[in-house]
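Protein chains: 4
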Amino acid sequence: MHHPINLFEYEHLAKEHLSQMALDYYSSGAWDEVTLRDNRAAFERVKLHPRMLVDVSDRYLNTSILGQSLKLPLLIAPMAFQCLAHPDGEVATALAAASAGVGMVLSTLATKTMEEVALPNSLQWFQLYIHKDRGLTRALVERANAVGYKAICLTVDAPVLGRRERDQRNQFTLPPGLHAANLATLNIPHAQGESGLFTYFAQQLNPAITWRDLEWLQSISPLPLVIKGILRGDDAVRAVEYGAKAIVVSNHGGRQLDGAIASLDALAAIVAAVDGRVEVLMDGGIRRGTDILKAIALGAKAVLIGRPVLWGLAVNGKAGVSHIISLLQHELDVAMALTGCPSLEDIDSSLVQLDLKS
Amino acid sequence: MHHPINLFEYEHLAKEHLSQMALDYYSSGAWDEVTLRDNRAAFERVKLHPRMLVDVSDRYLNTSILGQSLKLPLLIAPMAFQCLAHPDGEVATALAAASAGVGMVLSTLATKTMEEVALPNSLQWFQLYIHKDRGLTRALVERANAVGYKAICLTVDAPVLGRRERDQRNQFTLPPGLHAANLATLNIPHAQGESGLFTYFAQQLNPAITWRDLEWLQSISPLPLVIKGILRGDDAVRAVEYGAKAIVVSNHGGRQLDGAIASLDALAAIVAAVDGRVEVLMDGGIRRGTDILKAIALGAKAVLIGRPVLWGLAVNGKAGVSHIISLLQHELDVAMALTGCPSLEDIDSSLVQLDLKS
Amino acid sequence: MHHPINLFEYEHLAKEHLSQMALDYYSSGAWDEVTLRDNRAAFERVKLHPRMLVDVSDRYLNTSILGQSLKLPLLIAPMAFQCLAHPDGEVATALAAASAGVGMVLSTLATKTMEEVALPNSLQWFQLYIHKDRGLTRALVERANAVGYKAICLTVDAPVLGRRERDQRNQFTLPPGLHAANLATLNIPHAQGESGLFTYFAQQLNPAITWRDLEWLQSISPLPLVIKGILRGDDAVRAVEYGAKAIVVSNHGGRQLDGAIASLDALAAIVAAVDGRVEVLMDGGIRRGTDILKAIALGAKAVLIGRPVLWGLAVNGKAGVSHIISLLQHELDVAMALTGCPSLEDIDSSLVQLDLKS
Amino acid sequence: MHHPINLFEYEHLAKEHLSQMALDYYSSGAWDEVTLRDNRAAFERVKLHPRMLVDVSDRYLNTSILGQSLKLPLLIAPMAFQCLAHPDGEVATALAAASAGVGMVLSTLATKTMEEVALPNSLQWFQLYIHKDRGLTRALVERANAVGYKAICLTVDAPVLGRRERDQRNQFTLPPGLHAANLATLNIPHAQGESGLFTYFAQQLNPAITWRDLEWLQSISPLPLVIKGILRGDDAVRAVEYGAKAIVVSNHGGRQLDGAIASLDALAAIVAAVDGRVEVLMDGGIRRGTDILKAIALGAKAVLIGRPVLWGLAVNGKAGVSHIISLLQHELDVAMALTGCPSLEDIDSSLVQLDLKS
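Going down the list, the sequences are from chains D, B, X and F.
Residue 1 is where the first sequence starts when you use our numbering, and the numbers rise one by one after that.
Residue 1 is where the second sequence starts when you use our numbering, and the numbers rise one by one after that.
Residue 1 is where the third sequence starts when you use our numbering, and the numbers rise one by one after that.
Residue 1 is where the fourth sequence starts when you use our numbering, and the numbers rise one by one after that.
Among the hints, a few may not be true.
Since the list can't tell identical chains apart, any single copy or any two copies may satisfy a pair.
[To be verified] Straight-line Cα separation of at most 20 Å, SDA-like style, residue types lysine to any residue; simulated pairs: (1) K71 - L217; (2) K132 - D55; (3) K318 - S99; (4) K15 - H3; (5) K318 - E11; (6) K71 - D58; (7) K132 - R59; (8) K318 - E16; (9) K132 - N187; (10) K132 - S57; (11) K132 - P120; (12) K71 - P120; (13) K71 - Y60.
No lab work stands behind these hints, which were simulated from the structure alone.
Just so you know, these numbers come straight off a predicted model, no measurement behind them.
Could you put together the complete structure from these sequences and hints?
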């Protein structure tokens, strides 16, 4: 195969670089994968109405999130176990992100420690799962702050783990030598006829967390709170009221509740409900620069990409991730030129119009 | 094949355990099977809008139907001739249902007698076809009451049998040794170029039944009356007025009138028309726990499942049926956790929104 | 193959009984055959909302058209060259129709003379193409009246012939021994790289015909006038104003204007525009008894079927046509039982509801 | 293969006459080719409501654009590098267009000089890309005027070139012996891992052009200005305000911004916004005479066809282009007869109705 020129080609190529268990873990969605597919389809349903004869000789793709600048409206989504894709794992991802000027959200379930990954001059957030063990949770938050992560990104859509049946069939667990590096005393178990990660969630994570617990979380850390996994306007309002500084509209890449609304379809109502009080980001299905533009036109401040980063990492480590980012950067740049948007602020809702016909 | 982990895998596996005639009888729909397919597609059209940060550490899946408790909002739909799937037939199904705390509706056309199947401590209903022979019909109803069935579930969508062309081609009839056990003197005939069951219906069942006959039915039995096969709001209102205590929204699994509206699509209007006066159940196309959740969100008190029970029965008898139920239970439990619903009462209409786009 | 049990199986079987040129001529639509396919798809889009607990022990499928009774709301559509399917051609079709008590419309382009086909006790109409030669046209009309046809069915959607590209490639013409029997002096030519029928239309038929010519037509014949090929409400109103006694909503089986609205989709607006002043019939895509029921629910008094009759004729002559009719009769009978309609008058618009979702 | 009888067959046949690089260049769209496909699908979504019993014995397909008459409401769209299809290239196309009485728009990137192609008695426009080199641009405009082109057709949707990934993989450039004949000193470069044309655009074309530059353009040429590439009503109004005499609704055949609205879907809003002040044309997806009729019914004065002309050119040079035009002419003629439209003025909006159902 020739040198990949888009994210789909990376996805194709990555299959040669991954074990079946890792490929299944990365690519699968929950149950029948309806939401996984719909996340993509939602982007195809949105049609663009480009504006012509605007001076687009210079394009400005930079933005800021929570007051911190980014060269692109892009963050790497939190994804567990990146050493399954490449020995350098999350470290490679972080270096590629920092070098490109995009953000990165490090997963609680990283296979590198947050200390190894930390690049304090970059926009890095720490993604948090609240464990039943509050001491452990507090320790994670404190370490994140200590080594320079800029926000706590709390995932709220996983009180239990979604059922990814490929993992269940594979009895997914980490291969020897890999472990959840930030959780020294805990292991992803091997479970008979079951995904080890599903078992881990059932044993360790706390499904009793409610909005009230955000007060506790904010009391133990000076870091701003980002809530990831919101799909309803009323929940978004509640997040604002409970102190969140940003919201990530997400269905966890179709990996939690199959049948959930596509992220892009949920975006506009949430943007309207939030009404500018906090920044709204989204993830789920982004594969092209035009997808980023569509999300921004529907009100997102930035987007997160997940699986494509893993494909880049699997194919070529840090360089692969860098290439994934630069492909999206180039595509967004061209898309902005072709829609008459010299800057991200020019991407307004008149550019999109939900196609009600197909 | 590995151990099945969802209902679709049971369906696949069951093909190895059934004669072609039995498989065709169980799986087919009327005419072009448009409604059969649409029953499933309707669930995929409904998107979920989950609620986050609710304490879901305990989930309560129990409910009550006609005042009787169930551990799950689930009943086994009435299905004829279950001994075609397994020698234990309806007895195995009933034991599995009772042991799981779900309901069961026994078909008039069972291959085990209602006395063999009866488990008086369980929620068991007797499904009734009103025969031309009123004496026979009365005898069925009286036996059902005598051995402890808790309701008469009158099927109203079959004044004649729907045309299932696979049965017609197979000249469907019962193999030697099987018969409609509750109808000692009657047999499913063997008919040239015709489904024997179609012929049976034409000969024995009464297509003259009207709402007025519900008065007669209620006069001969103290059991509450459940009307199964309603697809219109006005008919639902009439059922209430004529004394029904519950309604099952159903198109008979796509086996009667091809082209009929999908059950799920018919549900909301019927719930609105009934306006809480009686309990509304539904069947048709349920294959996942999320499907149950969607039906409840659209107003159903509980759902009935049909064919998957037969696949479980064919694969592994009572244990197969038990596994089918426990798969649905587990999926519903996860779905409730992921939508922020600790109990069935929390499943409200805000969780669903008909997708008008695809 | 077993004995066919529905119209689709007849279509399949007919392929073995027809020359490629005849099969192509019968089965093809204009250009890309979009309307041909959409005629069928339109029926699948309409969902039925059946009514329960109506006494359907007797079903009455009879109706009347222009005051003449029919045992079924069904006519055989005018179709040219039926001897391509079977040596008995239109004579066989007419005998089968009469024996079943359904109507028949004989094509101007029949391969049997209208005198051979005439069965004066039956509902037979003569389909007319107005030729440039008015004397010829007048003679056709007078002969039709003389031998007992009950109406002139004027086809208005063919000022030129639609482009059926399979005929063009086949250089369609009649094989030796067949000719347009009612047009003694005219022949379907053989044209290089062209459909002979297309050439015939261009040479002989009059594309200058307007509504005014209906006055002339009515002046030369006492027979009531039926206008076939209407797809717009305003044209339907005009037909009424110019004296038509019935209207056939039709797109000529998708053979004239590709991209035209499906007949069923055009029906309701025309019924509303006509407002009961004349009878409205429809054709295009009818393959099941439920299709007839849907058309009636949308306001048609009766329907016409075309191609399936040719498949029956090809497979088994008159007996094949009879079987096609009896299959539809049986299916309509079952469909009426299952929708709670003992008579055609009971088939009201509440039974159908256009599915706006798919 | 037999002699092609429609444009799709020409497309199929052309594959045998073109190098893979040329075929890919001609047939590809931007990125995922969503808009390329949707341009076609949009035509299938529009259904026709034909009018009957109109005298269509004579059909008038002629029109005028910018005061100049055409025998058909058709122009050849500007397409680069036509000598890739046939040695006679744009000269053959021009001769065929002139002989058929249709218009032609010559591309800036023609492989024949505008002087070679000019036929001053015909409707020929010169398509302009504004280069960074204003002197070069002015020279092109002056030459166009000098040799008799009747308008400048400014392409506004290409401030940068769209990403056609097949060209990128092929490292598309012109083969030896071909060059952009109107741009003597410039060449399409050969670029490693890149489309040479993409590089050319980045180097030579001016992405800073705005509406204001239309004043400059009109100041250097007496020719009327046509703006090609508008997809929004507000842009169309701006074009009128800045002096354009006609607008071409276009997404550049799906080759620039993938995800852009289909041309046909954009048409009606633009026609409404322009409100008769200038003529509106469209291109994108026209393959049948009925497509032309649909575009006119939605308000277009004429349409442009692109790729099919290249297929005709590849298969048979000038004769192939002539045949493509005559096929469309014949199809439009038949479509007008079948919709009751003796002239283009009779093609009104009542003939079309957007199908909201599929």
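Going through the hints against the structure:
Neither within a single protomer nor between protomers do K71 and L217 lie at most 20 Å apart by alpha-carbon distance, with minima of 30 Å and 36 Å respectively. Proximity of K132 to D55 under the C-alpha cut-off of 20 Å is restricted to the inter-copy arrangement: shortest distance 13 Å between copies versus 55 Å within a copy. Taking the shortest alpha-carbon separations for K318 and S99, only the intra-copy value of 10 Å comes in at or below 20 Å, while the best inter-copy value is 55 Å. Taking the closest pair of Cα atoms, K15 and H3 come within 20 Å of each other only inside a single copy of the chain (15 Å); across copies the shortest separation is 26 Å, beyond that limit.
In this homomeric assembly, K318 and E11 come within 20 Å of each other (Cα to Cα) only inside a single copy, at 16 Å, whereas the closest approach across copies is 44 Å. Taking CA atoms no more than 20 Å apart as the test, K71 paired with D58 passes inside one copy only; the shortest distance there is 14 Å, against 45 Å between copies. Taking the shortest alpha-carbon separations for K132 and R59, only the inter-copy value of 17 Å comes in at or below 20 Å, while the best intra-copy value is 47 Å. Taking the shortest Cα distances, K318 and E16 sit within 20 Å of each other inside one copy (17 Å), while across copies they are farther apart (44 Å).
Taking the shortest Cα distances, K132 and N187 sit within 20 Å of each other inside one copy (15 Å), while across copies they are farther apart (62 Å). Within a single copy, K132 and S57 get their C-alpha atoms only as close as 54 Å, which misses the 20 Å cut-off; across copies the closest is 11 Å, which meets it. In this homomeric assembly, K132 and P120 never come within 20 Å of each other (Cα to Cα): the closest approach is 29 Å inside a single copy and 43 Å across copies. In this assembly of identical chains, the alpha carbons of K71 and P120 lie at most 20 Å apart only when taken from the same copy (16 Å versus 53 Å across copies).
Within a single copy, K71 and Y60 get their C-alpha atoms as close as 8 Å, which meets the 20 Å cut-off; across copies the closest is 48 Å, which misses it.
Checked against the numbered hints given earlier, the structure breaks hints 1 and 11 and satisfies all the rest.
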